[in-house]
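Participant: Residue numbers (this note's numbering): 131 to 579.
Mixed in with the good hints, there may be bad ones.
[As the list claims (entries may be wrong)] 27 Å max Cα-Cα, derived DSSO-like pairs, lysine-lysine: (1) 404 / 388; (2) 371 / 396; (3) 567 / 536.
Hints in this document: simulated from the structure, not taken from any laboratory.
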Amino acid sequence: MSSTSFELNHEIVRAGAGAGKTTTLTKTVMETALNFHRVHGCFPRIVVTTFTRKATQELRERLVAGAVGTDRHDFLDYVSSRSSLHISTIHGVLSLFLRRYGHLLDMDSGFKVLSEADGFRLAKSVFRKQLLEESAASDLVEIWSINELVGMLRSFHETMLQYPEARAVQVSDCPSLFRALVYPILLSLRETVSMAREQTDNPKWQEYLTGLERLFVAIERVETGAQWTAIETALSALGRKPNFSSKKSPAAFSPELKERLDDDYKILKSWLEKDGVGAHFWEESSSLAAQFQTVAEVFHDRFTQHKRQSGQLEMADLELLARDSLRRFPQVGEAFSQEWDYWLIDEFQDTSPLQVELLDLLIDERKAFVVGDPQQSIYLFRGARSEVFQERWHSIGAKGGDQREKVVNYRSEPSLLLFFNDVFRGLGSQFKPMEPKNDDRLTDHPVAY
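Produce the entire structure from the sequences given, and follow the hints as far as they go.
Facilitator: In structure tokens, the structure reads:
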């Protein structure tokens with residue numbers, strides 16, 4: 131930012147691993163605050179969201195250290211203030227919002243946010259009471275341990291909160307679920323078979339490849355348990371693979387293609403033979419799923435009621451209650467937005483679609499600084515999608531916002547970094563190689579390994 135002119139603007143920074151992302155975030159907060167004070171005579175009200183409490187603490191400590199270096203007591207007071215400079219996880223922001231506006235949903239503003247461990251213990255306590263009253267719940271304990279069941283019930287509970295129409299898997303769902311499961315490897319193997327057929331005229335290999343194609347057809351056609359026998363027949367008919375090469379005959383096709391063919395087939399075969407995947411499991415699995423749903427729906431109602439009555443909320447509750455409040459009363463999102471001058475969002479690649487919606491509703495028309503790296507997304511299991519960063523990159527660019535990339539890795543050894551760049555270059559455009567810090571001993575040539 132220029133020291134002679136200052137204007138808040140939308141900005142997004144793609145900062146790869148070791149590129150100084152935290153340093154960039156710290157510098158942006160300090161420059162924004164000091165320039166805002168120079169122009170307006172007061173410090174801005176800023177929200178910074180991080181993805182862990184550890185990151186929150188580290189950022190706060192860096193800001194305090196930076197403020198000490200300015201010799202400005204007013205700035206030190208500012209970065210130490212939790213009301214003017216709110217630094218927390220996104221759930222900390224949602225907690226703040228709900229304490230102010232949750233009364234619209236008849237919420238007690240004194241609610242307690244449960245940790246993951248506390249949430250599990252509470253769910254376990256609720257389920258133990260259910261076990262004493264329901265034989266169906268007791269039956270499930272003979273299949274899964276209590277801890278496994280509680281984990282499954284909590285997952286179902288969170289799903290029901292977000293998708294009330296969710297239901298157990300039925301037999302009619304199984305064929306499409308099965309094909310979705312094996313489709314990626316089936317697609318890869320089909321492509322490999324096609325390439326191998328073009329490269330060889332060996333009759334034994336042509337016959338083997340035809341057998342694989344019959345297996346593909348059987349997989350695509352299966353709709354019932356009776357039709358599963360066609361898959362078993364096709365597998366059995368394949369027999370042993372022909373010899374790849376011998377002294378009397380050259381290799382049927384390239385060694386690389388054979389390795390890919392072997393690997394793809396091994397993965398597909400392991401899926402087809404895996405317990406719970408085949409059609410003979412479908413009837414049993416759907417019956418068990420229906421039994422689980424009956425127990426899970428009772429648990430869902432009891433767990434929800436217990437949390438509400440005791441004023442205890444989990445992270446998922448914060449997200450869904452905030453969403454409900456913002457959808458029903460969009461004006462409260464606007465009111466909350468007006469309380470702040472600027473937003474900084476860290477680790478944007480790890481936000482889920484629901485969290486992106488919440489941030490958009492809370493930020494409203496305010497300017498925001500976004501930083502992240504889709505290559506470092508680690509929360510896919512929580513619903514995060516790495517492509518949300520690319521979508522935000524394009525949307526900020528369309529608004530006339532600033533787009534920057536930080537591609538120099540200051541953390542890793544240059545030789546190791548070049549090795550990883552060379553290894554992952556085959557991923558295509560989705561992989562962005564990082565540049566090593568200056569080292570005259572290295573070149574940008576692929577490394578030998």
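Participant: Which earlier hints turn out false for this structure, listed by number in ascending order?
Facilitator: none
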